[in-house]
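S.K.: Here's the letter readout for the chains.
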Amino acid sequence: MKSLEELRQIKERALQRRKLSGEGSRARVVVAMGTCGIAAGARGTMSAILKELEQRDIADVVVTQTGCLGLCEYEPIVQVQVGDQDMVTYGNIGPDRVATLIEEHIVGGAPIEKWQVRR
Amino acid sequence: MTVFRDLSQHILDIAENSITAGAALLYIDIDEDADADTLSIVIRDNGHGIDANMVRQVTDPWITTRTTRNVGLGIPFLKQTAEMCGGEFEIASIVGQGTTTRAAFQHSHIDRPPLGDVVSTLLCIVVGNPQLDVVYQHQVGAGTFLFDTREIREVLGDEVSLSDPGVLAFIRGALTEGLATIDSEATPGG
Chain A
0 MKSLEELRQI
10 KERALQRRKL
20 SGEGSRARVV
30 VAMGTCGIAA
40 GARGTMSAIL
50 KELEQRDIAD
60 VVVTQTGCLG
70 LCEYEPIVQV
80 QVGDQDMVTY
90 GNIGPDRVAT
100 LIEEHIVGGA
110 PIEKWQVRR
Chain B
0 MTVFRDLSQH
10 ILDIAENSIT
20 AGAALLYIDI
30 DEDADADTLS
40 IVIRDNGHGI
50 DANMVRQVTD
60 PWITTRTTRN
70 VGLGIPFLKQ
80 TAEMCGGEFE
90 IASIVGQGTT
100 TRAAFQHSHI
110 DRPPLGDVVS
120 TLLCIVVGNP
130 QLDVVYQHQV
140 GAGTFLFDTR
150 EIREVLGDEV
160 SLSDPGVLAF
170 IRGALTEGLA
180 TIDSEATPGG
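Respectively, the protein sequence lines represent chains A and B. Residues 0 to 118 in numbering that gives the first Met the number 0 are what the first sequence spells out, letter by letter. Residues 0 to 189 in numbering that gives the first Met the number 0 are what the second sequence spells out, letter by letter.
Hint data in this document are derived by calculation from the structure and do not stem from the laboratory. Glycine included, every Cβ here is placed at the ideal spot set by N, Cα and C. Certain hints may be false.
As the list claims (entries may be wrong) - Some chain B residues near chain A, calculated using beta-carbon distances under 8 Å:
| id | residue |
| --- | --- |
| 1 | Leu72 |
| 2 | Cys123 |
| 3 | Leu131 |
Just chain A, with the same shape it has in the complex (with noise of 0.2 Å):
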């Protein structure tokens, strides 16, 4: 494995940021990941989600899975959840779509319309 000291080093950096913008975390993200989820590529969306996060450096948003919601023809869907406001369902969230929704939902703190679905 990669050096821990070098995990050490990620650690001090991430102790240091968090004391300057304040503990807590600003949204939850949920991922499906049951077999209809993973069939219709939810691994992809995840992928792509973890890996905007990482690239724009966002440290307070918690990205957790979850299983089969029963939306089945819906999947791969996505739940936002901002600060306290209600969570959001969102169908056919492929990879194409990672960059705008944390871009506009998360980020920019509007749910897009559009993409929701609605039970």
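Following the hints, complete the assembly by docking chain B onto the known chain A.
M.R.: Here is chain B on its own, set in the frame of chain A:
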């Protein structure tokens, strides 16, 4: 018919079963053995397990433990793929202790899906499930690569999560380099 393009998508799918079963520790072992012409994948968890009756049933495409839909497909798909490729599939489970899923393939079989993007699969499992530790061991011939999230957490402590952008880049780099070192057929991560 196959729903998954590569074996690493199957690994992600089986790992999701472990996560649903409440696993805290997940072992993923891959062995690419060109001499013996086999490729095997073993996924072992310490989740709540399933009873003998359920073990018999899970390979049936019409059985599932989930409640949102009544048809489970992940395990039958992997079994079918293994058996179609001159390999075998088995699942063993002990209630209260965990489940082990093993799929083996003829390495050179024309229909065997490629391993594919193992790095993305591991990143999704590791980052998406903060309560889960993952021990990944990948062998190609005489070379072995070992990745253990417990080592990473020991350094990071409780203060910094695995999804920190710097840590994410570190894990991505460690996995990509490790797989290149053992000359795995896995494609570089996305």
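S.K.: Holds or violated: the hint that B:Leu72 contacts chain A, with Cβ atoms closer than 8 Å.
M.R.: holds (5 Å)
S.K.: Does the nearest C-beta of chain A fall within a distance shorter than 8 Å of the C-beta of B:Leu131?
M.R.: violated (10 Å)
S.K.: How about B:Cys123: closest beta carbon in chain A under 8 Å, or not?
M.R.: Cβ of B:Cys123 sits 5 Å from chain A, so the hint holds.
Going down the numbered hints, you'll see the structure goes against just number 3.
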